[in-house]
Amino acid sequence: MSEYVLELKGITKRFPGVTALDNVHFKLRPGEIHALMGENGAGKSTFIKVITGVHSPDEGEMVLYGQKVKFSNPKEAQTMGIAAIYQHVTNYPDLTVTENIFMGHEKVQKITGRLLWKQMHEEAREILQSLGSSLDPKTEMGSLSVAQQQIVEIAKAISTNAKIIIMDEPTAALTARESEELYKIAESLRDQGASIIFISHRFEDMYRLASQVTVLRDSKYIGSWGVNEISNDALIVAMVGREITQVFPKKESEIGEKLLEVEGLGKIGFFADISFTLHRGEILGLTGLVGAGRTEVCQSLFGIMPYDKGKIKVNGREVSIQNPKEAMKLGIGYLPEDRQLQGLVLQWGLGRNITLPTLKNFSKKGWLDERKEADLAKKLAEKVHVKANSIFDLVSSLSGGNQQKVAVAKLLTADLDIIILDEPTKGVDVGAKSAIYEIINDLASQGYGIIMISSEMPEVIGMSDRIAVMRSGRITKFLHKEEVTQEAILEASMSDFSSKDEGEESRKGIEVKQYG
Amino acid sequence: MEQRVVNQNEYVQRTLTNKQEFSLKKFFLQWEWLLILVFLLVLAINTHLSPYFLNGAGLRDATMIFLDKAFIVFPMVMIMILRDIDISVGSTVALSSVVMATLYNNLGVPMEAAIIICLLVGALCGLINGLLIIKFKELSAVIVTLGTMILYRGLAYVILEDQASGNFPEWFSFFGWGHVAGIPFILLVFVLFAIGFTLLLHKTTFGRQIFAMGNNPTASRFSGVQVDKIKIIVFVLAGLMAAITAIFLASRMGSTRPNIATNYELDVIAMVALGGISTAGGKGRMLGAIIAIFIIGYLQYGLGLINIASQTMLVIIGILLIVSVVIPKLNLKGIFSRFVKKRNTN
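For the protein sequence lines, the chains are W and X, in the order given. Positions 1 to 516 (the numbering used here) are the ones given, in order, by the first sequence. Positions 1001 to 1346 (the numbering used here) are the ones given, in order, by the second sequence.
Incorrect hints may appear among the rest.
Heads up, simulated DSS-like pairs for lysine-lysine below, C-alpha to C-alpha not over 27 Å straight-line [stated by the list, open to error]:
id	chain 1	residue 1	chain 2	residue 2
1	W	K309	X	K1135
2	W	K9	W	K70
3	X	K1203	W	K379
4	X	K1203	W	K325
5	X	K1019	W	K387
6	W	K325	X	K1026
7	W	K372	X	K1019
8	W	K110	W	K68
9	X	K1026	W	K372
10	X	K1283	W	K364
11	X	K1026	W	K364
12	W	K387	W	K365
13	W	K163	W	K27
14	X	K1229	W	K329
Partial selection, computed: residues in chain X whose CB lies under 7 Å from chain W [unchecked claim]:
id	residue
15	L1016
16	N1018
17	Q1020
18	S1023
19	T1102
20	N1105
21	N1106
22	G1108
23	K1203
24	T1204
25	R1208
26	A1212
27	N1216
28	P1217
29	T1218
30	F1222
So these bits of chain W aren't anywhere near chain X, every CB distance computed over 12 Å [stated by the list, open to error]:
id	residue
31	F270
32	G310
33	G343
34	G349
Simulated from the structure, these hints should not be mistaken for lab results. We put the beta carbon where it would ideally sit given N, CA and C, even for glycine.
Chain W on its own, in the form it takes in the complex (with noise of 0.2 Å):
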């Protein structure tokens, strides 16, 4: 038997265009906690779905107990002793605790099949109990909270007799007490032999519990280090330190009158105490880890989500947004993360894509004028350049940063001010990065106050005059343009010690939306 339960030796996996997983090692010693830490889109989901068996890799080979081994699906992992427990919680909320746990493996008599659930129920009890919780296995799912279902997905870990145990950001959405809970839950476990491998994006997470510690970055295997042996500070270079190979335009703008304030604005169980102001020729940027809470709040000022409190005034003016047509009169437009499902008609051509937003200003007393909106599809798809041979070209055969573009240009049709970018360069190529990059400073030069959302430090640091961090529903920092680093915006984002009771506050906000 070797040293390591479970070894992953130059793991790659490659989908259509992307590399989500380059040369990656990994080592997992028994009855060890081992935090996995990385940005968004580093490769952690991918490298846990690799050792889970939903993907398999192209290249490289994974080790556990000594035995090479190739998982062509989940279940053979399962069968191995692996068991993750996900971010999200994936369960039956209608189906109760003890069928939760035995989904997949259940009991049941053998010849007959008849599940045998007086057993399941008293061995969910026993499993239960030995985590410390005295829950009930016969309710619902459902009616738990957050931190409840997190211990019902580790007793199903355990009741697969789970010798590798991954969890994937467990604490996000439990308050400090249920983490320490959690935490006593994952040193039993190791105490008792199982493997842990923990993602967190909190650094308190891995300093409590850890001892040793994977980072990833833009897919490749960065290092590991005995959390003891690495400073605070060599783990976010490590985790950042990428070299800045975007090219960003230079940006001459003046930044001129308030355009937006923004006002304590809240909802409930999503964002709390938004203020901030935004001016012509401005290019705010919103970062923060993805589920901070940019996108909603942003979509409260389109008047997709109704805020509940708080106060929005444009050009001085306090308005109130019940919706994204009346969010357009005012002057604001938002160009939604989720181009194919929020953004475009694919199976329409670009040109009625781009006027769709503005029909009134192609239309006499609501007909058509179909000449006029032809010419201005094209005047707007040029200024994008779109590279397409015709206006009547479906939107579903361009490529990415080509329907991006679209997206963008419907933005152009109407008489707006503000200017709502949410990912604006997510799923594009290089090549058209820098194109949408331009557009974005051409537009911020004309005039517009320009809000953009993104989760790529440079890009942010990059085209940003102001950068507002978001944790946990709350601004916690705003950096100037001088002062910015990618570690500064890190720390704001992610560090617990900085400002221990602002972040406490704000994930009581969030647990509001889990109990109510």
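We have chain W; now place chain X onto it with these hints.
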């Protein structure tokens, strides 16, 4: 470096055409041509089977019989483009006509007022459907309108119990039986609505937004389309057209009963589906549905002339419908090229 990037982008500057080129192939590959072909086939077979079919008066009478339910086809096209369905329309016809007859016969309301109230009742039925569907988005339109279908029919029975109500004033029979310059009045009204709804769906911002919603409701909402408002308008239109059907039907039959217009929703949906309106939403043309009205209408009439039992008629229309829904899903090109290959290898 920065300079180079800028230039590179200017270099890709290209022009797009905004003129749609005319493609003969595309023109003839339209579903409507196939429908016209089927329509001619129906006419030919009918003429062959029955010498009375093509006689002018016969055709005209036939047309009057199936046109009343055809009014509902127009809004149903819009509803199905929106990926929804409304199966309560038959019951709406019954309820609104029963209300009209009861108001006139039992409560002494003038017929003119009763007709207007009939229209209002129809619109209200549609409004209730629309409101339920937008308020409870997790419920599908089938379930919501199944509920209201039973409810509206039930109300009609409560009002009139199991009896007929007629004795309308003399002039009321004009709707069902009157002629203007030799043309049935109902046909004139039908043509007007056909033109109106075709323009509404294909030439206005309202129609464009319906297509947008049918293809991608989320993107439509993000583009400022007032999705809830449009949905409600379309369902109200359906109720309103059902009430118009009620007026023509009551006039033609001279009376009304709570069980009239039973299964109308099925005929209407069959006409819309045959007309090439995609049940997945977002696609289809009013013209197709209009041709389909005549195909199904004349088929029913012709089969009746040669004394085919109505049960057999259902079988034939069912087969026609299934074939028409399946054809567009078949990979005709693939089948054709495989066929060609086989012949070549032979």
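To see whether the hints hold, each was checked on the structure:
1. K309/W to K1135/X: 24 Å, holds
2. K9/W to K70/W: Between K9/W and K70/W the Cα gap is close to 13 Å, so the pair holds against 27 Å.
3. K1203/X to K379/W: Holds: K1203/X and K379/W sit about 22 Å apart, inside 27 Å.
4. K1203/X to K325/W: 22 Å, holds
5. K1019/X to K387/W: 17 Å, holds
6. K325/W to K1026/X: At roughly 36 Å apart (the allowed maximum being 27 Å), K1026/X and K325/W break the hint.
7. K372/W to K1019/X: Distance of about 12 Å is within 27 Å: holds.
8. K110/W to K68/W: 32 Å, violated
9. K1026/X to K372/W: Cα-Cα ~24 Å, so holds.
10. K1283/X to K364/W: 25 Å, holds
11. K1026/X to K364/W: 30 Å, violated
12. K387/W to K365/W: 34 Å, violated
13. K163/W to K27/W: 15 Å, holds
14. K1229/X to K329/W: Status holds; Cα separation ~17 Å.
15. L1016: Where the cut-off is 7 Å and the nearest Cβ of chain W is about 5 Å from L1016/X, the hint holds.
16. N1018: The hint holds - N1018/X has a Cβ within 7 Å of chain W, the shortest such distance being about 4 Å.
17. Q1020: 5 Å, holds
18. S1023: With Cβ-Cβ at 11 Å, over 7 Å, it is violated.
19. T1102: 37 Å, violated
20. N1105: 41 Å, violated
21. N1106: 42 Å, violated
22. G1108: Violated - the Cβ of G1108/X stays beyond 7 Å from chain W, reaching only about 41 Å at its closest.
23. K1203: It holds, given that the least Cβ distance between K1203/X and chain W is near 6 Å, below 7 Å.
24. T1204: 5 Å, holds
25. R1208: 6 Å, holds
26. A1212: 6 Å, holds
27. N1216: At about 5 Å, which falls below the 7 Å cut-off, the nearest Cβ of chain W leaves the hint on N1216/X intact, so it holds.
28. P1217: Result: violated, 10 Å to nearest chain W Cβ.
29. T1218: 5 Å, holds
30. F1222: 5 Å, holds
31. F270: 18 Å, holds
32. G310: 22 Å, holds
33. G343: Given that some Cβ of chain X is not farther than 12 Å from that of G343/W, nearest at about 6 Å, it is violated.
34. G349: 9 Å, violated
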